[in-house]
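Undergrad: Listed here are the chains, written in short residue letters.
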Amino acid sequence: MKPFGPTGAFAPERSFTGAAEAAPARNRVRLLAIGIFAVLLLLAGRAVQLAFSGDPLSERSRSAAVQVLPRADIVDRNGVLLATTVRAYALTATPSRVWDAPSIAASLASVFPELDRETVVRRLTDTSRQLVYLRRGLTPEERDRVHELGLAGIGFETEHHRDYPQGTLAAHTLGFTDVDLNALSGVERGLDAQIRAGGEAGRPVRLSLDVRVQYALEEELAAAARAAGASGGSAILIDGRTGETLALASWPTFDPNEAGRATENMRRDRVAGDLHELGSTIKPFTIAMALEEELTTSGELFDLSVPFDIDGSVIEDHEPVRGLASLRDILAHSSNIGAARLALRLGGARQRSYFERLGLTAPASLELGRNQAPLAPAARSRRDVAGLGFGYGLAATQATLAGAYTVFTNNGARVEPTLLARAPDAAIERTPVFSPEVTRQLMVYLRGVVTNGTGRAADVPGLAVAGKTGTAEKLGATSAYDESRNFSSFAGVFPSNDPRYVIVLALDDTGEGAAGGMVAAPAVARTLRRIAPMLGLRVEPRAPTR
Amino acid sequence: MGKAKLTGWLQIAAAILIAVLAVGLYRAKSDAARTEAHVRVLQADVEQREAALRELRAEIAQRESPANVEALAEERLGVVIGAESAALPESALSDRLPAPRPTERRE
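Those protein sequences? They're chains Y and H, same order as listed.
Numbering-wise (our numbering), the first sequence opens with residue 1 and increments by one.
Numbering-wise (our numbering), the second sequence opens with residue 547 and increments by one.
Looking at chain Y on its own, in the form it has when it is part of the complex (with noise of 0.2 Å):
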């Protein structure tokens, strides 16, 4: 077989012609083997490429590994799960397979006996639509039991479900979302964008929170708020050195797993929702700024026993102070007579200068969805400069004045207080408002208040707890301050020796004579019995007695 070769016996006669004719086809035989060596050169060069750019099925498997989430999990400062995101089914329907919508409603009834049978007989007849959703956020165990049932024209839809496993605890911090996981409060909604960013990257989102921390607050002041018949409690603690806001607890509370059920009086954050006057809470700060500016000092005697008159305006003591008194005496009494007079020395200008730097002017910076801005309306007569040097007259939220009290932990200095557990390396931003040698002098004088004024109940044998107590007289119905409505607080510091932490704790609505240092300050000292160990602080108990 000669395929392609000149055959004949006239062969050299017809090479010459044919060597003419010859010509295109050995162009079009080089054309082809250009091609050939074209497509093999392609394919060489593409095994080339697969040889050194790796498995690409690898490459795959490996994004493919991560799975993507609409939200991240929240997870507490040790890692202790406090929502995700987990498999859920909406029950659906398509009408136009549905012959007996009445039938499958009363079967549905039978899981699902919350469901309105009117309503879903509705829409199971709805043939207007190719897909109707029954319920959302079906469980696993709920889509078998309508499995079971095995009605036609009933179907499912995977979809995504938000889970809180610790139910009530921390509630109002972590907030909630709605069916489409929508966040509607809390950090679900002030962590929006990073909760989702989370998702994608499957990576939690941890926040400074400590569920042993929180679950002892929260216990106690259920128990607390109870036990003065109050309407609502508020408690914050935080590491005052970070920020770190380690619980954080409002009463009373709700599920998140069943928000729609609660009631809007159970969904309020009162840490940084409520606005309140902060009452005696503030006094230190008073008495700070005076020293600070120079307008008094430790040695200052003051004679308190009279009431004070300000322009027609009598203030007085709810229990007079006898003799002369020294600074630490009007910290310890809580003398609103003292604190007004030193207030009025320093001036609104500066007080509100002051007020300022303390943050108690702005909203706090928590990552929630709401913080509520403070009503701090400027001084305009003498009478309310003296009132705000006593602490009325400037409403602000408690995870405000917990941030302002940060002062007393960083040698004068604020630092924001944060729900985001901050790595140990991080930079902390500390705003200066006070000397570390009048925060010092102050700390003093705040454990003088747990050991010989209205705070002794928040005393901790071992602990040395500093605090003040805060009672504020609520606004009544007529516009001025009703006796027996109070709000009673107790914003305390610890340990005193080596400041670190800072509690604030507070009741609304208390009755009449229940002042802070009553019903908040020994709610207080349950709570860090309970919780110094968990925060590697001793508490020395009293030996038993013989």
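Don't read these hints as lab results, they were simulated from the structure.
Examples of chain H residues toward chain Y, derived with CB under 7 Å:
#1 A560
#2 A597
#3 R600
#4 E601
#5 A604
#6 A607
#7 Q608
#8 S611
#9 P612
Stretches of chain Y that chain H covers, calculated by requiring three or more beta carbons in the stretch to come under 8 Å of a beta carbon on chain H:
#10 32 to 40
#11 84 to 90
#12 159 to 166
Some chain Y residues well away from chain H (every beta-carbon gap over 12 Å; in silico):
#13 P113
#14 E429
#15 R500
Using N, Cα and C, we set each Cβ at its ideal position, and we do this for glycine too.
For chain Y, the structure is supplied; the task is to place chain H on it using the hints.
TA: Frame of chain Y, contents of chain H only:
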């Protein structure tokens, strides 16, 4: 003659090579498709297992929650932490704690 013959054979070899490459490519593609399908199945399985794992983690967190642990302690061991703390006065609480250990006093 010899050159032309060689060229002819080369052409046949090239045609066979192309055919082999085409078959090889087809097989490689079908293998890849099969592998991809297998990967998809595995991926779906991983997703299922991950979802189940997430549910289990949520259940573990619920069971280990302080409220649940306290309820169990109360039910099985009779330990009532919160209620005691809420009901007892400070002095009674102190008495229930262990006595402080004696410490050496430095002169």
